[in-house]
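Chemist: What follows is the residue order along each chain.
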Amino acid sequence: MAAHRRIEVSKQGDVTVVNFVDKKILDEAGIQELGVELFNLVEHDNRKAILLNFSNVEFLSSAALGKLITLDRKAKAAKARMKMSNIRPEIFEVFQITKLNKVFDIRQNEAEAIAAF
Amino acid sequence: MQDHPPAAAWQKKIDLPSERGVTRLITDDLLEQLGAHGWPPSDIFAIHLAAEEALVNAIVHGNQLDPAKRVHVVCEISPERAWLEITDEGAGFDPATVPDCTLEDRLDVPSGRGVMLMRSFMTRIEYNAKGNRVVLEKLRDLAES
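If you're matching them up, the sequences are chains A and B in order.
Residues 1 to 117 (our numbering) make up the first sequence, in order.
Residues 1001 to 1145 (our numbering) make up the second sequence, in order.
Just so you know, these hints were derived from the structure itself, not from any lab.
Cβ atoms here follow ideal geometry from the backbone N, Cα and C, with glycine treated the same way.
Fair warning: there could be bad hints in the mix.
Non-contacting residues of chain A with respect to chain B, defined by C-beta distances greater than 10 Å in every case (computed) [unchecked claim]:
id, residue
1, 6
2, 17
3, 43
4, 46
5, 55
6, 61
7, 89
8, 90
9, 98
FRET-style restraints, in silico, Cβ to Cβ [unchecked claim]:
id, chain 1, residue 1, chain 2, residue 2, range
10, B, 1042, A, 39, 30 to 36 Å
11, A, 45, B, 1129, 46 to 52 Å
12, B, 1017, A, 56, 26 to 32 Å
Heads up, simulated DSBU-like pairs for lysine-lysine below, C-alpha to C-alpha not over 35 Å straight-line [to be verified]:
id, chain 1, residue 1, chain 2, residue 2
13, A, 102, A, 76
14, A, 24, B, 1069
15, A, 23, B, 1013
16, A, 23, B, 1069
Chain A with its partners taken away, still in its complex shape (with noise of 0.2 Å):
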């Protein structure tokens, strides 16, 4: 499993639970980090349900849409299925602006998204 510096990874029985890191997801570099540290978990590790947990994210621009983005295309071409929970009002309608809730898997909390896979 590679090393992970902007997501901590976690397992719930079958699935993998992805906490990021930063408060703050806006940093050029981060971001690109940010991104092959996902892609890793697809194209690398091989894991099939993914949750991402945003509780610990208050902010994130659209560089760090685009790798969400990316990631689901990944996550689809591999047959693993990817939700996302915990996700503030404020993101929450960065999402519906861009239309990505329809894109996305989202659910209210760790819990139901667990539950739905």
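Fit chain B to the supplied structure of chain A, relying on the hints for placement.
Modeler: Positioned in the frame of chain A, the structure of chain B alone reads:
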């Protein structure tokens, strides 16, 4: 009727180098001043996001990370208005040519959401004719806060 004279607006003018990661040189002050002028957290989030997107566009797309070029920023914050003007030294662009990222067949394209987010979160955004300067403005209804 106001009990107190309006708080003085905070102003800042700064030229940024065209490097990734420099947006904090202005956004740190901006966030502090929005808080000091009584803006609520949801508006601070919105203005921060719009400013970040506009600054990254100017640095990366406008100036194309050219070390010889600068990004010129002017901002003014008062309790009722947040105003930023961001100018790059690039060739400019036509914002009307940015495709709608919410169209069904573009939903999974990883880029092109910055301008839409700026428009949604601010009261007004306006580009000059050349497309290398953007003005972002958010007005706050103090009667509602």
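Chemist: So, for every hint listed, does it hold in this structure?
Modeler: Taking the hints in turn, this is what the structure says about them:
no. : hint                        : in the structure
1   : 6                           : 15 Å, holds
2   : 17                          : 24 Å, holds
3   : 43                          : 16 Å, holds
4   : 46                          : 22 Å, holds
5   : 55                          : 16 Å, holds
6   : 61                          : 5 Å, violated
7   : 89                          : 8 Å, violated
8   : 90                          : 4 Å, violated
9   : 98                          : 5 Å, violated
10  : 1042(B) x 39(A): 30 to 36 Å : 32 Å, holds
11  : 45(A) x 1129(B): 46 to 52 Å : 50 Å, holds
12  : 1017(B) x 56(A): 26 to 32 Å : 31 Å, holds
13  : 102(A) x 76(A)              : 15 Å, holds
14  : 24(A) x 1069(B)             : 27 Å, holds
15  : 23(A) x 1013(B)             : 28 Å, holds
16  : 23(A) x 1069(B)             : 31 Å, holds
Hints 6, 7, 8 and 9, counting from the list given before, are not met by this structure.
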